[in-house]
Every structure is written in C-alpha cells, then in structure tokens.
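Peer 1: The lines below spell out each chain.
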Amino acid sequence: MDQSKIRNFCIVAHIDHGKSTLADRIIQMTGTLTEREMQAQVLDNMDLERERGITIKSQAVRIIYKADDGNEYIFNLIDTPGHVDFNYEVSRSLAACDGAILVVDAAQGIEAQTLANVYLALDHDLDVIPVINKIDLPSADPERVIEEIEDVIGLEAQDAPQISAKTGLNIHDVLEAIVNQLPPPSGDVNAPLQALIFDSLYDPYKGVIVFCRVKEGTLKVGDSVKMMATGAEFDVVEVGYFGAGQFIPCDELPAGMVGYMTASIKNVRDTRVGDTITHADAPAAEPLPGYKKVNPMVYCGLYPADGAKYPDLRDALEKLQLNDAALQFEPETSVALGFGFRCGFLGLLHLEIIQERLEREYNLDLVTTAPGVVYRVYKTDGTMIELTNPSNLPDPSEIEYMEEPIVEAEIMVTSEYIGAIMDLCQERRGQYISMEYMEETRALIKYTLPLNEIIYDFFDALKSRSRGYASFDYEMKGYMKSDLVKLDILINKEEVDALSFIVFSGTAYERGRKMCEKLKEEIPRHLFEIPIQAAVGSKVIARETVKAMRKDVLAKCYGGDISRKKKLLEKQKEGKKRMRQVGNVEIPQEAFMSVLKLDED
Amino acid sequence: MTPIELYIHIPFCVKKCLYCDFLSGVFDEKMQRRYVAALCTEIKYMASQVHGVEVATIYVGGGTPSWLSEDLMDSIITTVKSSFRVNPLAEISVECNPGTLSAEKLNVYRSVGINRLSIGLQSANDDELKELGRIHDYNRFLHTFDLVRKAGFDNVNVDIMTGLPHQTVEKLEHTLNAVTMLRPEHISAYSLIIEEGTPFYDKYKFDAVKQHAGMETEDLPTDEESYHLYKYTMDYLEKKGYKRYEISNYARGGKVCRHNIGYWDRVPYLGLGLGAATLYQNRRADNIRDIYKYCEIAEQIAEGKEISTELSSPFYDNEETLSKKEAMEEFMFLGLRKIDGVNRSDFFNMFGIDIEAIYGPIITALRNQGFMDAKEGRLFLTDIGIDVSNQVLAQFLLDK
Chain A
1 MDQSKIRNFC IVAHIDHGKS TLADRIIQMT GTLTEREMQA QVLDNMDLER
51 ERGITIKSQA VRIIYKADDG NEYIFNLIDT PGHVDFNYEV SRSLAACDGA
101 ILVVDAAQGI EAQTLANVYL ALDHDLDVIP VINKIDLPSA DPERVIEEIE
151 DVIGLEAQDA PQISAKTGLN IHDVLEAIVN QLPPPSGDVN APLQALIFDS
201 LYDPYKGVIV FCRVKEGTLK VGDSVKMMAT GAEFDVVEVG YFGAGQFIPC
251 DELPAGMVGY MTASIKNVRD TRVGDTITHA DAPAAEPLPG YKKVNPMVYC
301 GLYPADGAKY PDLRDALEKL QLNDAALQFE PETSVALGFG FRCGFLGLLH
351 LEIIQERLER EYNLDLVTTA PGVVYRVYKT DGTMIELTNP SNLPDPSEIE
401 YMEEPIVEAE IMVTSEYIGA IMDLCQERRG QYISMEYMEE TRALIKYTLP
451 LNEIIYDFFD ALKSRSRGYA SFDYEMKGYM KSDLVKLDIL INKEEVDALS
501 FIVFSGTAYE RGRKMCEKLK EEIPRHLFEI PIQAAVGSKV IARETVKAMR
551 KDVLAKCYGG DISRKKKLLE KQKEGKKRMR QVGNVEIPQE AFMSVLKLDE
601 D
Chain B
1 MTPIELYIHI PFCVKKCLYC DFLSGVFDEK MQRRYVAALC TEIKYMASQV
51 HGVEVATIYV GGGTPSWLSE DLMDSIITTV KSSFRVNPLA EISVECNPGT
101 LSAEKLNVYR SVGINRLSIG LQSANDDELK ELGRIHDYNR FLHTFDLVRK
151 AGFDNVNVDI MTGLPHQTVE KLEHTLNAVT MLRPEHISAY SLIIEEGTPF
201 YDKYKFDAVK QHAGMETEDL PTDEESYHLY KYTMDYLEKK GYKRYEISNY
251 ARGGKVCRHN IGYWDRVPYL GLGLGAATLY QNRRADNIRD IYKYCEIAEQ
301 IAEGKEISTE LSSPFYDNEE TLSKKEAMEE FMFLGLRKID GVNRSDFFNM
351 FGIDIEAIYG PIITALRNQG FMDAKEGRLF LTDIGIDVSN QVLAQFLLDK
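Protein chains in written order, with UniProt numbering: chain A, 1 to 601; chain B, 1 to 400.
Honestly, the hints are just simulated from the structure, not real lab data. Even for Gly, the Cβ is constructed at its ideal location relative to N, Cα and C. The reader is advised that the hints may include incorrect statements.
[Stated by the list, open to error] Only some residues are given here: those of chain A computed to face chain B with a beta carbon under 10 Å: (1) 433; (2) 435; (3) 547; (4) 564.
Take these sequences, add in the hints, and give me the full structure.
Peer 2: Right under this line is the structure:
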C-alpha cells in the first residue's frame, strides 16, 4: 500500500465546538456510511458519551476519500477523549496520528481547552490545520477568530476552511486540506515491528481487541507478537481496520496504518495503552517512547444501596474492568454501609463515569463514599503501608509519620486571572514553582499541589475563578511528608466509618466544622435530637445538632379517603428506605458525599 | 350484619377557598339539580346492591352542602331513607358554611331528620378569613350559629384552623375564645396543610418546605411556632371541657362524631356522589371524579340501560380488595388516630393472629421511645406520639 495516500489524524477542540459533529460529517461525506446507518455522532458510541457530549474512550474509523487530484486516499480518523483524567489516553491517541484538525467555534473563538489541546498536539509534533466551525451562527465572527488563531496560537489561518459541520457547508475544503496539508506517515514496512497501542476493547467472542498504529514493520495474521512493557506474548488471530462502528478484517497492517488486532487475549491488563507490540522472534531494539503504567490516583468506596445487590455490583465492576484497565477494585466492608468495594480511578471524572455507568448500564443504586488518595503510612516498627481507606489508618501511637502524593500542576491562564488562580493554589497548600508569560496575555503557572487538595472540586474552583479560561494539567511528582490526621464523624455519638477522611491537620478544624454544617443540612430531623460531631482522635473539634422533630401531624379530615392518607404515610416510609441506618439514625445516601461539597457557597 | 355508614358528597361551592383541594367547584343551579338527580339514582342503585343492611350514620359533606336549596337536600335525605334501612337513631350530619343557611332551610333539615350540623368557621379573625378566601366574616358566623341553635340543633360542630399565615397565639386565642364561648358540642381543629394545585401552594410552597425542614419561614408559622399553636389549642380546649378523642377532634358531653369514629374503626361505609370513597366487604373504591360522566352514567341507569363495568358499581373509578396485610396496616394507622387507640383483642378477632406477632418489635420500640403506651388491653399513642403521628403511624406499614 502506498504510504503517500494515507493520512492519520485526529480532531481537537474545546468542548462543544463541534468536534464530534465534524467527525460525523466527514464520515458521511466520504460515503463510509449510508444515510440509513448514519446515527448522529457515530464515534461517541457509549450512551453516556452521547448524552454528556464528551468522548470517554478513544475511537477510530477508516475512511476512503477520492480527492480532487483524482487519487483515492485512506483517512484514519482517531477520536480522542477530552478530559485531563484521560490525558494519558489522549497523548497516546495523538501519538498514533501524524496531523490534527483544530476546530474553533466561529462565535466563541479560542477557549481554554482549545489551547491545551493544540499545545498537546504540537508537543507530539503533529501538523495542525485550523478549521472555523459554526459559521452559520448569526453571532459568527470568522475574521476575529482567524486573527485570534494567528495571534494566540501562531498558526496560519487566513485560508482555514470556514464550515458548518451541522449543515455540511464547506466540508469538502476540510477533506482537501487533509490531503494537501497533512503529512503522510513514514516508516519501513520491512523493519522490525513497532506498533503503538492507543486503545483496547473487550469483546466476549474475540477477547481483547487492540487498537494500534503500526510505526515500523508489518503486523500480519499468524505472527507471534510480544507486548514490550508487559512481556505478554500472543499469536495474532485477526488484523483489520475500522469501518464506522464495525471491524473489517484484512491480511496485514503495514507501517503507517492504523488498525486493530485480536489474539485471544483474555485480559485488558496484558495490553496496556502506550505499550509497543513487536514480533516475539525478531523484536525491535527499543519500544516506542512514552509508555507509562497508569495507576489509580483516586479511591473511594462503592456500595450497593440495596445490600442484596452486592454480587450484582461485583459482576458489573468485573465487566467494566474488562474494558478499562485503569479501574481497580477490591472488596471492603463498612459498619455503616455493609459490603462494598474500594475502587481506584484515574481521577474524579473517571470515578463519576464509572459510577454513572454502573447505575445506568447495570441498573445499580449506589452509595459512594468520599474520594481519597493513596497515603503512605510509615509505622514505628519500620514498615510502610499504602493507605487507600481511611478506616484502616493504624493507631496514632503506631505511626512514625505519613506522606501524601504531590502533583506538579501546570495552569495556563489569561493574565487578568493570574492573581485569582495563585490565591486558589495558595489556599490549597500549593507551592509556587514558576510563572512564565507565553505571550502578552497568557501565562503558564506551575505549582506543586497535594493531590488530595485537587481531587474534590479544584476544577470547579479553577473554572469559576477564571471564568473558564484556565486550563489545567498535572503530573504525579511523588510523595511528601505531611502532617495528616484522620477526621472522624460521630452521629448521635456513634462513629460513622464511611464518613471518615484524611485531612491536613492545619485545615482539620475548618473541614470538620463545614462537614458538621453540611451533615446538619443533609440529615432530616428525627423524633429525637441528633448531635453531629467531628473529632480528631478523641478530641471533638466541631459540633452541630439536628433538632428533634416535635410536630408532624396529619391533622386534616379527608373524610373516608383513606388511600390518600396511606399514600402520604407510604411516601414517608419510602423516603426512609433510601437512607442508611446508623444506630437509630437514618442518613440519606447523599450525605456520604458531603465532603465533596464543603467548598460550595 | 354490621350496620354501615353513608358518606354523601356535594361538590359545590359559592367560591373556592384558596387553600382547598377537595373535589368541589362553582356550578349553577341547573347543574346542581342535574347532579342531585344523579346522586339520587346512585343512592337507589347502591341500596339495591346492599339490600337490607342497616345504616347507622349519614354524613353530607362537600363542598358546601348547605348551599343547596332546601328542596334538593330534602330529596337527598328522603331518597336515602326510602332506599336504605336507616336506624331511627342514626346520626345525620350536614356540613354548612356561614351565610348559606336560613331559618326555612334549617326547618326543612330538622323535618327530614338531620340532627347534627358542622359549621366551617376556620377563624374568628376577619383578616384571616379574608386571607383564606372564605366567603363569610365572623359576624355572619354568629348569625348562622344563632339560627342553628334557634332551629333546635343540639349537636353542632365548629371547624377551626391552626397554622395559618401570620397566625399568632393572640389571634388563635381570640378564635378559641370566640368559639368556646358559644359552647358548641364539638370542635374540629385542623392544621392548615399547603396542598399542591391550590393558590396557597403557589404562594406558600417554599415556606411549607422550610417549615417542614425546621427552618425560618416568611409567612407561615415556623415548625416550632405551629407546634405551639397546636399545643395551645389542645390545652385551651381541654380546659374548656372539650375532650380530645381523635387527633383533630374534640367533644364535650360525649357528643363525638360517630360517623368520623367509624372511619378510624374501619366500619364499612358507602361513598355516594362524585369522587366519594367506599369501604365495603373489605374492598376500597373511589367514585369517578368527572361530574359530567357521573351524571351521564346515572341518567343511563335511570333510563334502564345496562352499564357494562368490571367493577362492583358503574360509578366506581377504581376498586381494590384489601389483602390481610393492608387491612392490618389500616387497622393500626387509622385506629391509633383515636386517643383511646386500638384494642388488642379486636386485632386478634379480626385477623386471627396476635398483634404482637406482627407488630411486636415496632410496638416495643415505640413504647421505649415514649411515643406509645398500653393499658387494659389497649394500645395508644402518647401525647408526644400524637405530635409526631405521621412519623409514628408510617412505621405500621408493612414491607411488601
């Protein structure tokens, strides 16, 4: 196959600027799909993705395009997730491409994620073509946006296609720009095999389907292959490329191609994103650069609201894990919540997505405990434990010291919000590293921050304090010794294990006070008074009281309309069912997430 | 055969009160006549279905039944008496609003055997009456009460309401004083409930939520204040010789409302008229709520047409047979509304099982918490148990 007729590219954009719509339109215009097969946003094929309008897993599709020069070109379009939690997946997807289309909204212009994505693409040495979308909007101002692109990003944009992905206007210009402005892949089809894994999918019949970009050499059916990082070896059963929503087998994938392979692989863990596939008998000297083992950074407890659904939750987690190597879980028990699982996630969005998929696709009603990070506890006996569940914290007398994970955060922000963002980092125990003006109006601020300060609501705070103009990325830096304590919550004098969390001692009082206030709002009044206390060790540091309910009388005459009266009582009883009983206090399930909302208002 | 009760619904009002969500509306006299004719058809129809059973009480409620002209009321009661076997000592009550009665009307009531009247006063403060959207003022009530007494009615109820917007203890005391001064035999004291679909809901829904959550309110009394108003009412009435026999009902001289007690004792009753509820032979049913449809069905029956229905009456909108579990639940949550509570032996006789076998742990827990007590084979709520009776009674619903 002629490499000069192949284009491997992705589309990058700020959320809502029309990335998926453009992808759909390209697929439709090139005739890959018939109208009948065309379902809006073909690439986002999880319900959840379509609903939230975000891409969670990478997807890829191969398109044949007959260009104006009379030749047929193969386009491999790789869709990328758009969130920092999945940054690593994004970067692997980009590594599979040679070029990128940058979509900018003709009305909104450049936004925070536009920049973050462009810089990420440029980091991977991709050629970027800007495209101005939504020019059919009355508020569209393409001239201004062209100027912005040239001034802020420094990309030539005078000839950028001006399109409406929605109506299909000028999509042809985009296709021609892909042919003429993006480079073809390079690579020697006879060299030792190096294929980059950028995604994988579990299929119950074929096993793991590995999505890869062949950089060097050729991947064929029947080859014995080896994953260079995990060391796992397999015999290739099938290779092929991506139709829209289907897999089309072929004989081989030569250098420059994007496609998939199957090899009766039972476990996604053997085929980590970023790993390099090579031949077992004639391996490449070096793996492709950039592989990282992704470890969960955020942990929380997931419990079925109905204890009898515990086996269902386990089955569902197992199934999700087949497609998501980053998801980890192990059984745990809580006095308040019963049997459940301690689960590890890449970040809060990952957590939220898993939680929603469990609730939606597996019909489970869940109680989630406050998310936390992995602490290292060095004990006086010289041993160290990695703590993922605050309840397992050893007695203070056995603890020599503790460490918490630290990240290096890079925040890109327009100059007027620099002060606000630095204040925020300061409040979150950040340590200033540097600030650098990228151009007159934008700066890159670097801070080290404790991970546990950013897992709750850092994104939201960042967004609100910069009006959405700050973009944020972080990288694990390691661990740092820190003065940490376990904050316990006592409800009606009983400690509720599921509400305990680890906190920096300097903010324990503040957190404890807010936690009590929040719980006071969340816990309905009972027939008796309920003290809510926050304690560190045996010392109570904050207290609130839920006053007893003194009157709740249905003093109204409904005549003989008993069914109505009963419905009222039933409603009352139903409300209780959705709560958790701790001692004789009913705690609503939402209360277990209270710690997440401490910084609201 | 156990005697039964009859509830007769008159869905007409001069004007809809702003807090009211009962099935009633403003209709002209032509519609009233058509409706009463239909009602009489249903009365005769149902009498033929339950033939021979004795009627112990009749309650004509609304709406404002006293707004009907006397000949219509006459025809209703006369039809009942000629169709059912009404006990000569039956309690026959009619709900009245001040300003809708006259001496002539009351004489007709007496002559057809109506022996108990219930007057909807709600408040003796004219500003509160206006706020509630009532058609009368306090003077009008005094006039009506005087007419009622002069006509010889010696079993009269007066309705009052607590928990009104901006109600203070002083205002409530004025109402209580104004009512008890007249020495009616019976007083019903209801709490204002903000019901969906009423103008009050639009106006006070946020306040109602705040009130329930124990927060500060704008117009409605706070939860704490409404608790005091309710307690104040109770103490005041007890002091004046009115004995509380049900959550919101007080009587002096033993003149309780027998019909009302029947509801809590699960005495069988037939609901006649639009939307009326029935409990008969362990089945609960509600009549249809569309007045035109109701009249059409009655008119077809009057013409001798067969109405095909799978329910026990062509007037029913829905009907369900109570399971034993549901009957037990009802026995508890209705019976415990009475101050005297329920009898253990009644439970055993009705269901063939000891009450403790079903509700033992709940009863024990509630007794330990001081919300319930037991004496001489009876189980009943304590004062503080009644205060939070919704919470307590809900616990007697059994799991499905």
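Peer 1: Under 10 Å is the threshold here; is the Cβ of residue 547/A close enough to any Cβ of chain B for the hint to stand?
Peer 2: holds (6 Å)
Peer 1: Minimum Cβ distance from residue 564/A to chain B below 10 Å?
Peer 2: holds (8 Å)
Peer 1: Please verify that hint: residue 433/A, Cβ, nearest Cβ of chain B, below 10 Å or not.
Peer 2: violated (46 Å)
Peer 1: Against chain B, run the beta carbon of residue 435/A and see if the smallest gap drops under 10 Å.
Peer 2: violated (46 Å)
The structure shown violates the earlier hints numbered 1, 2.
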